[in-house]
Amino acid sequence: MVMPEPREHGRDAMSGPANAAFSELYSAYAAGRLDPAFALLLETQSMLRGDVRHALAVSETISGVMLEMAEPARMSAGAATRALDLIAQLEGETGRAASRGPEDRELADLPDPLRTPAQDAFAAAGWQGTAPGIRRMKLDVGSELDVELYRIQPNARVPRHTHGGMEFTLVVAGGFSDESGSYGPGDLAVKGPDDTHQPVGDPGDVCFALAVRDSGLRFTGVMGMIQRVLGR
Amino acid sequence: MARIAANKCRESFSELFDFYAPRLKSYLLRLGASENEAEDLAQDVMVTVWRKAGMYDRKQASVSTWVFRVARNRRIDRFRQASRPELDADEPMLRPPDIEQPDVALDRAQIEETVRTELQKLPPEQLELLQAAFYEGLSHSEIASRFKLPLGTVKSRIRLAFGRLRGQLEKGDGDA
Numbered sequence: 001m002v003m004p005e006p007r008e009h010g011r012d013a014m015s016g017p018a019n020a021a022f023s024e025l026y027s028a029y030a031a032g033r034l035d036p037a038f039a040l041l042l043e044t045q046s047m048l049r050g051d052v053r054h055a056l057a058v059s060e061t062i063s064g065v066m067l068e069m070a071e072p073a074r075m076s077a078g079a080a081t082r083a084l085d086l087i088a089q090l091e092g093e094t095g096r097a098a099s100r101g102p103e104d105r106e107l108a109d110l111p112d113p114l115r116t117p118a119q120d121a122f123a124a125a126g127w128q129g130t131a132p133g134i135r136r137m138k139l140d141v142g143s144e145l146d147v148e149l150y151r152i153q154p155n156a157r158v159p160r161h162t163h164g165g166m167e168f169t170l171v172v173a174g175g176f177s178d179e180s181g182s183y184g185p186g187d188l189a190v191k192g193p194d195d196t197h198q199p200v201g202d203p204g205d206v207c208f209a210l211a212v213r214d215s216g217l218r219f220t221g222v223m224g225m226i227q228r229v230l231g232r
Numbered sequence: 001m002a003r004i005a006a007n008k009c010r011e012s013f014s015e016l017f018d019f020y021a022p023r024l025k026s027y028l029l030r031l032g033a034s035e036n037e038a039e040d041l042a043q044d045v046m047v048t049v050w051r052k053a054g055m056y057d058r059k060q061a062s063v064s065t066w067v068f069r070v071a072r073n074r075r076i077d078r079f080r081q082a083s084r085p086e087l088d089a090d091e092p093m094l095r096p097p098d099i100e101q102p103d104v105a106l107d108r109a110q111i112e113e114t115v116r117t118e119l120q121k122l123p124p125e126q127l128e129l130l131q132a133a134f135y136e137g138l139s140h141s142e143i144a145s146r147f148k149l150p151l152g153t154v155k156s157r158i159r160l161a162f163g164r165l166r167g168q169l170e171k172g173d174g175d176a
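Same order as they appear, the protein sequences are chains A and B.
Terminal number for the first sequence in the numbering used here: 232, no gaps in between.
Terminal number for the second sequence in the numbering used here: 176, no gaps in between.
Excised from the complex, chain B in its bound form (with noise of 0.2 Å):
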């Protein structure tokens, strides 16, 4: 990413497409996107991610996390420029915020690793709710009924998974 904004770097382009263009697509596919529609998409969305990539600050997210944040607010433009023509598509949120205190900075790096570790030891089926939260953005009783389950089973899974993912058994959080 970094040789992607300093140097306009086509091979390093070429890798992240490679990586992320499909599952980009995977993504929008599930997301109930046609197969032309989801590949345009998908496509768009390297194309903002080369354009934007000098905004991209490793400190403050995981490439992973930046694209999917990217793809996010392409959709959310197109769906708002086919009922808002007028609004712009600049997205404040692509930059790092500039009043990060040293006392409340989050420490990313640590927030990362703890969703990667807890990621995998989740149970497949507090996996899947999270899928469907998480990545598709369902809400809870959307997702309750999808997999015929009672809401509050639905509850109590995300918020137990969601508690984990946060680092919630390791310390005491909640206190910043």
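With the rest of the complex left out, here is chain A (with noise of 0.2 Å):
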């Protein structure tokens, strides 16, 4: 397997190199900021492409850093102790076993990230077919957006639909095309209020996509940023 080569097309505002534009999600995600979906799907990205892997491994390494660099701050007396003894007694507790239902085979092939609330989806729900050939679950990652794994069959046709808000979709394996351009792994298609579009899974492998709705709500802060940056 290759490193994809990131495509070229106008909505995608992810496609060309990570470049320092994106600094402010880089920040907000490793100071840990940015809401848990578009983490899930920044660390899903970083898998799939090395350009923003280098710029989230050197976010990373700016907040570690800086915190090597903080004033430190007194900790009371026999804090290091307290911690000790605390260690001490969850080592005597048995760790929970890990129980979980039944897992997907072809699921274990995603990215890590990805793998273990697409994992805990299957086991909790399982696959829902919208239209032939397409099948979605709905992920648990602790957003109040609406985070969902697509599994497009190839040639298949998602129904032609339009978004109460922005769409960020990332396409973690296969492909997808529809009327603004071909997504391959590691592209991020950013679809707005307006558009309307009909994505069909490319030939080939089946597609898996992960994608991102903010139903319409409008955001401050970091998540208005983040409508900023790439949405229009």
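Incorrect hints may appear among the rest.
As the list claims (entries may be wrong) - Selected chain B positions facing chain A (Cβ under 8 Å, derived; list incomplete): (1) Phe13; (2) Lys25; (3) Gln131; (4) Phe134; (5) Leu149.
What the hints assert, rightly or not - Label pairs and their computed distance ranges (CB to CB): (6) A:Glu144 / B:Glu35: 27 to 33 Å; (7) B:Arg146 / A:Pro102: 48 to 54 Å; (8) B:Glu125 / A:Ala124: 48 to 54 Å; (9) A:Thr130 / B:Gln120: 51 to 57 Å; (10) A:Ser177 / B:Arg51: 43 to 49 Å; (11) A:Glu144 / B:Lys148: 28 to 34 Å; (12) B:Ser34 / A:Ser215: 51 to 57 Å; (13) A:Arg105 / B:Arg58: 29 to 35 Å; (14) A:Ala124 / B:Thr153: 44 to 50 Å; (15) A:Gln153 / B:Arg78: 39 to 45 Å.
In short, the hints are calculated from the structure, not lab data.
In this text the structure is predicted, and so the values were computed from the model without any measurement.
Using N, Cα and C, we set each Cβ at its ideal position, and we do this for glycine too.
Assembly of the complex is requested from the two constituent chains, each provided in isolation within its own frame, with the hints serving as guidance.
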């Protein structure tokens, strides 16, 4: 497997080399300010794209070095000993057996950050069919945004649709095409409320795509920033 | 860190605690936590560091970067616990990625060195903006109002500094 070449098309705000213009997204991620849905999107994308991975690694390194540079604040007396006591206590407890329901073999090939919520969703509710060759699952990542994993068979058509708000779709495997272009692994398709589109699975591998939707909510702060950076 | 993971070395943990706990506390105070919350969460982060020490991979991140990541995730988990108590707190992010390929493997040592060198060289007015963004997690417009600077100035300063920390002046980057 080779790293996919970023493809060129107009609407895709993150397909060019991850550049400094997105530093706001990366800093929000590194500092833990990014909504969990977008954090998942970025992490998954960083597994597919070297440039995004580099930018995230640099961002997290900056945060780490800044922690070292911080002016130490006094801990109360005996804090280290109390931590060690707590550790001893926790180690006495037996770990909870991680019991999980059925796993999907296909989902095991998804990039790491996405695999766990995908398997959880599979165990909890499983795939929902929406149209011939199209299945989807809602993922619970602790976000107020809609997060869904799509499975699109080659040549299957996602019903034509519009969005109440912005929709960010990251291709994780395979690819799909719509009126605005072709999207491959690591590409992010960004659609606004006025866009109507009908994605079709590319021939070849089954396409998996992670979709984050804001359902028309207007965000302030960091979320508003994302809408500005990635939207129009 | 290796000694903590392999031998459960209490002495190494105490050393790590003495260095990082006061800095974590200072970080949390800066984010607006109360004295008690900051102390408590710093403690909690260090306990998590002990328990997850086996997941630490020095080829993936420096200790500081990793500790900061643990702190960030603990903070997010707490926040989530408040609103969504059913969420599992196991952090897949702390595990090294399993599809690391030789051709796209990052040179973490190089990143670490560039970031450290360039941070030292940054003029104070760029450093404080970078701190607000990468450490406190403020958006550019929040930074603009805190420092009473035009948004464009904030953006261009951070962009410039981030570019330097990514090593963009030394070599053409972004060709991954």
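Distance restraint hint 44 to 50 Å, applied to the beta-carbon atoms of alanine 124 (chain A) and threonine 153 (chain B): At roughly 48 Å between Cβ atoms, threonine 153 (chain B) and alanine 124 (chain A) fall inside 44 to 50 Å, so the hint holds.
C-beta pair threonine 130 (chain A), glutamine 120 (chain B): status relative to the range 51 to 57 Å that was hinted: holds (54 Å)
Consistency of beta-carbon spacing, lysine 148 (chain B) to glutamate 144 (chain A), with hint 28 to 34 Å: holds (32 Å)
Chain A contact restraint on phenylalanine 13 (chain B) - CB to CB distance below 8 Å: OK, holds: phenylalanine 13 (chain B) within 8 Å of chain A, min 7 Å.
When the least beta-carbon distance from glutamine 131 (chain B) to chain A is tested against 8 Å, hint result: holds (6 Å)
Cβ distance range 39 to 45 Å for glutamine 153 (chain A) and arginine 78 (chain B), holds or violated: holds (41 Å)
Hint check for glutamate 35 (chain B) and glutamate 144 (chain A) - Cβ pair distance inside 27 to 33 Å: holds (31 Å)
Proposed interface contact between lysine 25 (chain B) and chain A, which counts if any beta carbon pair is under 8 Å: holds (4 Å)
Arginine 58 (chain B) and arginine 105 (chain A) - C-beta distance against the hinted 29 to 35 Å: holds (33 Å)
C-beta pair arginine 146 (chain B), proline 102 (chain A): status relative to the range 48 to 54 Å that was hinted: holds (50 Å)
Distance restraint hint 51 to 57 Å, applied to the beta-carbon atoms of serine 34 (chain B) and serine 215 (chain A): violated (35 Å)
Pairwise beta carbon distance, serine 177 (chain A) to arginine 51 (chain B), judged against the given window 43 to 49 Å: holds (46 Å)
When each numbered hint is compared with the structure, violations occur for hints 5, 12.
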